[in-house]
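Novice: Based on the sequences and whatever the hints tell you, model everything.
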Amino acid sequence: MEVQGYQIPDGLMYTKEHEWAKEEGGVVRVGITDYAAKTLNDVVYVTSPKVGAKVEQLKPLGTVESIKAVSEIYSPISGTVTKVNGELDSHPELVNKSPYGEGWLVEVKPSNFAAESKILLDAGGYAAYLGSLLKK
Amino acid sequence: MLKTTQLHAYHASHAKMTEFAGYDMPLWYTTTTDEHFAVRNSSGIFDVSHMGRFEVKGSQATDFLEGLVPTNVRPQPLGKAFYTLLLNDRGGIIDDLIIERLADDRYMVVVNAANAHADMDHMTAHAPAGLGMEDLTGSTAMIAVQGPKAAESLQPLTEADLGQIKRFRCAETKVAGERALVSRTGYTGEDGFEVIVYGASVERPEGAMRAWEKLAATSTPCGLGARDSLRLEAGLPLHGSDIDPATNPFEADLAWVISAGKTGYVGSAVLADPAVRQPQAVRRGLVLDSGIPRHGFEVADSSGKVGFVTSGTFSPIMRKGVAQCRVRRDRSEFGTRVSVRVREAPVGGTITKPPFYDESLYGWKRTKGN
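Chains A and B, in that order, are what the protein sequence lines are. The end of the first sequence is residue 136 by our numbering, with every number in the run present. The end of the second sequence is residue 370 by our numbering, with every number in the run present.
Hints listed in this document are in silico derivations from the structure and should not be mistaken for laboratory results. None of the values given here were measured: they were computed from a predicted structure. Backbone N, C-alpha and C fix where the C-beta goes; we use that ideal spot for every residue, glycine too. Worth double-checking, as some hints may not be accurate.
Claimed, not checked - Covered stretches of chain B, as calculated for chain A (at least 3 residues, CB under 8 Å):
no. : stretch
1   : 28 to 36
2   : 87 to 93
What the hints assert, rightly or not - Subject to a maximum C-alpha distance of 25 Å in a straight line, what follows is the list of computed DMTMM-like cross-link-like pairs (lysine to aspartate or glutamate):
no. : chain 1 : residue 1 : chain 2 : residue 2
3   : A       : K59       : B       : E344
4   : B       : K16       : A       : E72
5   : A       : K83       : B       : E344
6   : B       : K320      : A       : E72
7   : A       : K97       : A       : E87
8   : A       : K136      : B       : D24
9   : B       : K16       : A       : E93
10  : A       : K135      : B       : D24
11  : B       : K16       : A       : E87
12  : A       : K38       : B       : E19
13  : A       : K38       : B       : D228
14  : A       : K38       : B       : D24
15  : A       : K50       : B       : E344
16  : B       : K320      : A       : E93
17  : A       : K97       : B       : D34
Specialist: The following block contains the structure:
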């Protein structure tokens, strides 16, 4: 799916804060959306939590910084961080080049996935939300 | 309602726009990083038409400016462009600016967009009757061409031989067929030029647009994002962030603009006070070990808070966070280790003399034959 040039892949879950989440084998991979990456313009620095850190749904998980600005990342889901994308230390631009692929941020083992995933948007829901945001 | 520059139509169809000093301005065209590297490695162009341009002329012009700025004006040769300050009665910096001497009795004064009104008010308040002073901001455009290949990009459009316009010199000539004032100045640390195109209003932007589009064939259009990261890497102050009307030239580390022994200019009485000349805190460059410093972050050492960040960014050249800060003078020596609170975490940093990049690789000094 695509809204005004911003990619929104099917099969992912989204927050209104412009993060995506993808569940696979009991682990949720988290990143920021194409819209968030393009709005930041050029990501030059990513601060992620450490492996083992506890994160809470829609609470700050880390930051993504462009030359100009800092943007807070909110965790789509509560749980424990099991993996951090270490590639971003030396190649933060991967967040821009491939926000849904190599530019992923962390993996979280969720603590309450069934309930929490219900409040996340699907691709269609996020596309509608983003469309309304861009109209303003 | 935001104001627009003569080149707005180009920006609106090529750039992500942002508000700055009441103008709708380009923030970036592609990415700030790419535009930053274009200027350090080749050539970039910036629309700086939002900056204030005042022409001061007449038999009283030299005396008027002499009484206004801490730099000697009378001995400046024709064709000289010099950096100086407008000060208030307390010695605080109303603005930093470039004055270009076009004739014995004619000057171009180029000021920051955000301060243009305050500057004009200040100058008007001190102007003698009969002084010729005209605001040319609306009737001229201004384009900065910056980078090691700036001369190569600008020369084919320019009547004058740019090789004859040395650093901090200027000349009136023609650019893209339009009357123009070209100075070898800029805000990036690189070799480059600032071109004031005469006879270009928002209603009649054609001449300025032609110059811009011709330059865009060989130079990369750059937005305010790159303008800020470039000037921060070079250690150049931004008025309103790093210096302001409450900061005097000694605190601003700009006392070098004060000509030795000069008196009788606005603010000079205060600046003669020995206590003022030994300020508590001074502007300094700062390079962080990790993280990106931002405006307002606290600078500390083992004794506690010693200052704060006045502006900061990520340096694409150094791949590190760099900043300007205001620190206690007894902690301001180059090489002093400090810590900066980047959100929760304290990060190490070093008080560093700008420019932060290696001057044998980047910046105007590497370019031979200027």
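Novice: Against each hint, give a clear statement of whether it holds in the structure.
Specialist: Going through the hints against the structure:
1. Counting residues of the stretch 28 to 36 of chain B whose CB lies closer than 8 Å to any CB of chain A gives 6, so the stated coverage by that chain holds, three being the minimum.
2. Using a Cβ-Cβ cut-off of 8 Å, 0 residues of the stretch 87 to 93 of chain B lie near chain A, which falls short of the minimum of three, so the contact claim is violated.
3. Among the hinted pairs, K59/A with E344/B is consistent with the structure: their alpha-carbon atoms are about 15 Å apart, no more than 25 Å.
4. For the suggested pair K16/B and E72/A, the alpha carbons sit about 21 Å apart, so the restraint of at most 25 Å is met.
5. Between the alpha carbons of K83/A and E344/B the distance comes to roughly 22 Å, so the proposed pair stays at or under 25 Å and holds.
6. For the suggested pair K320/B and E72/A, the alpha carbons sit about 20 Å apart, so the restraint of at most 25 Å is met.
7. With a C-alpha separation of about 13 Å, the suggested pair K97/A and E87/A falls inside the 25 Å cut-off, and the hint holds.
8. For the proposed pair K136/A and D24/B, the alpha carbon gap of about 18 Å is at most 25 Å, so the pair holds.
9. Distance check on the hinted pair: K16/B and E93/A sit about 19 Å apart at the alpha-carbon level, within 25 Å; holds.
10. Among the hinted pairs, K135/A with D24/B is consistent with the structure: their alpha-carbon atoms are about 19 Å apart, no more than 25 Å.
11. Restraint check: the Cα-Cα separation between K16/B and E87/A comes to about 28 Å, which exceeds 25 Å; the hinted pair is violated.
12. Distance hint between K38/A and E19/B is fulfilled; the C-alpha atoms sit about 19 Å from each other, no more than 25 Å.
13. Only pairs whose Cα atoms come within 25 Å are accepted, and K38/A paired with D228/B is accepted, the gap being roughly 19 Å.
14. In summary, the hint linking K38/A to D24/B is supported, as the alpha carbons are separated by about 20 Å, within the 25 Å threshold.
15. Between K50/A and E344/B, the direct Cα distance comes to roughly 15 Å. Compliance with the 25 Å bound is thereby established for this hinted pair.
16. Between K320/B and E93/A the CA atoms are separated by roughly 15 Å; this keeps the pair inside 25 Å, and the hint holds.
17. A hinted pair counts as satisfied when its Cα atoms are at most 25 Å apart, and K97/A with D34/B qualifies at roughly 14 Å.
The structure fails to meet hints 2 and 11 from the earlier list, while all remaining hints are met.
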